[in-house]
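Could you put together the complete structure from these sequences and hints?
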Amino acid sequence: KAGVTQTPRYLIKTRGQQVTLSCSPISGHRSVSWYQQTPGQGLQFLFEYFSETQRNKGNFPGRFSGRQFSNSRSEMNVSTLELGDSALYLCASSSAGEGYNEQFFGPGTRLTVL
Amino acid sequence: AQSVAQPEDQVNVAEGNPLTVKCTYSVSGNPYLFWYVQYPNRGLQFLLKYITGDNLVKGSYGFEAEFNKSQTSFHLKKPSALVSDSALYFCAVRDSGGSYIPTFGRGTSLIVHP
Chain R
159 KAGVTQTPRY
169 LIKTRGQQVT
179 LSCSPISGHR
189 SVSWYQQTPG
199 QGLQFLFEYF
209 SETQRNKGNF
219 PGRFSGRQFS
229 NSRSEMNVST
239 LELGDSALYL
249 CASSSAGEGY
259 NEQFFGPGTR
269 LTVL
Chain B
686 AQSVAQPEDQ
696 VNVAEGNPLT
706 VKCTYSVSGN
716 PYLFWYVQYP
726 NRGLQFLLKY
736 ITGDNLVKGS
746 YGFEAEFNKS
756 QTSFHLKKPS
766 ALVSDSALYF
776 CAVRDSGGSY
786 IPTFGRGTSL
796 IVHP
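Line by line, the protein sequences give chains R and B.
Heads up: the first sequence runs through residues 159 to 272, numbered per the numbering used here.
Heads up: the second sequence runs through residues 686 to 799, numbered per the numbering used here.
Derived from the structure by calculation, the hints contain no laboratory data.
Everything numeric in this text was worked out from a predicted model, so none of it was measured.
The C-beta atom is built at its ideal place from N, Cα and C for all residues, glycine as well.
Heads up, some of the hints might be wrong.
[What the hints assert, rightly or not] With beta-carbon atoms standing in for the labels, derived distance ranges:
| # | chain 1 | residue 1 | chain 2 | residue 2 | range |
| --- | --- | --- | --- | --- | --- |
| 1 | B | Y724 | R | S244 | 20 to 26 Å |
| 2 | B | S769 | R | N217 | 32 to 38 Å |
| 3 | B | R727 | R | G186 | 19 to 25 Å |
| 4 | B | S711 | R | N235 | 31 to 37 Å |
| 5 | R | Q175 | B | I796 | 34 to 40 Å |
| 6 | B | E700 | R | R173 | 43 to 49 Å |
| 7 | B | T705 | R | Q202 | 22 to 28 Å |
[Claimed, not checked] Chain R side only, calculated, beta carbon under 8 Å to chain B, not exhaustive:
| # | residue |
| --- | --- |
| 8 | L201 |
| 9 | E206 |
| 10 | R213 |
| 11 | N214 |
| 12 | L248 |
| 13 | G257 |
| 14 | Y258 |
| 15 | E260 |
| 16 | Q261 |
| 17 | P265 |
| 18 | G266 |
[Claimed, not checked] In silico DSS-like links for lysine-lysine, alpha-carbon gap of 30 Å or less:
| # | chain 1 | residue 1 | chain 2 | residue 2 |
| --- | --- | --- | --- | --- |
| 19 | B | K734 | B | K754 |
| 20 | B | K762 | B | K707 |
| 21 | B | K734 | B | K762 |
| 22 | B | K734 | R | K215 |
| 23 | B | K734 | B | K707 |
| 24 | R | K215 | B | K707 |
Written as structure tokens, this is what we have:
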């Protein structure tokens, strides 16, 4: 099976712009989660989608949003970018979205905000 | 609430020696515990998990971890370290009776010296 893919891999934006990141989960996986990884804060959970519904949401401002399509592909959007949004954004998928399922991570999208 | 602690930011070990990366956790119910590894500029890769049953869990690349309920620990071990094991290691916990979302530790950088 193909792994989790994320596009683009690298992105440079300026403050105030918006950005959309894409994630394609492993075939058959219905749960997709998004994380922000920074050296200072580590891995922080953004949100999780299961069968096109947002099931869980982390403690991030409303500028961060996401959605999941019927084919389980997911996008996340960040509006009005701030310098502090510079990070590695990771997408992870799991098969049934149950608590005991491990997650499979994509390579991430490195976002730099100037 | 659930939490996980990795008390060491960095672990140094000589190639061929045994290695241990420590993890302690706190959950209200029974824990689901995971170890992931991250190589530079890559996403996280699943190593092993504890759900229930045998306290000693074996995973990928010769790694194993021991679940200790009384000490609320889930330390990652390997009998003989390789230089290629050098990477960032994350412990994660989910409360079996709580959210589907895992809490990740801040990560431990493992450096294996030739």
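We went through each hint and held it up to the structure:
no. : hint                          : result
1   : B:Y724 <-> R:S244: 20 to 26 Å : 21 Å, holds
2   : B:S769 <-> R:N217: 32 to 38 Å : 36 Å, holds
3   : B:R727 <-> R:G186: 19 to 25 Å : 23 Å, holds
4   : B:S711 <-> R:N235: 31 to 37 Å : 34 Å, holds
5   : R:Q175 <-> B:I796: 34 to 40 Å : 38 Å, holds
6   : B:E700 <-> R:R173: 43 to 49 Å : 46 Å, holds
7   : B:T705 <-> R:Q202: 22 to 28 Å : 27 Å, holds
8   : L201                          : 4 Å, holds
9   : E206                          : 6 Å, holds
10  : R213                          : 7 Å, holds
11  : N214                          : 5 Å, holds
12  : L248                          : 5 Å, holds
13  : G257                          : 5 Å, holds
14  : Y258                          : 5 Å, holds
15  : E260                          : 4 Å, holds
16  : Q261                          : 7 Å, holds
17  : P265                          : 5 Å, holds
18  : G266                          : 5 Å, holds
19  : B:K734 <-> B:K754             : 15 Å, holds
20  : B:K762 <-> B:K707             : 9 Å, holds
21  : B:K734 <-> B:K762             : 13 Å, holds
22  : B:K734 <-> R:K215             : 24 Å, holds
23  : B:K734 <-> B:K707             : 15 Å, holds
24  : R:K215 <-> B:K707             : 28 Å, holds
In summary, the structure agrees with every hint in the numbered list given earlier.
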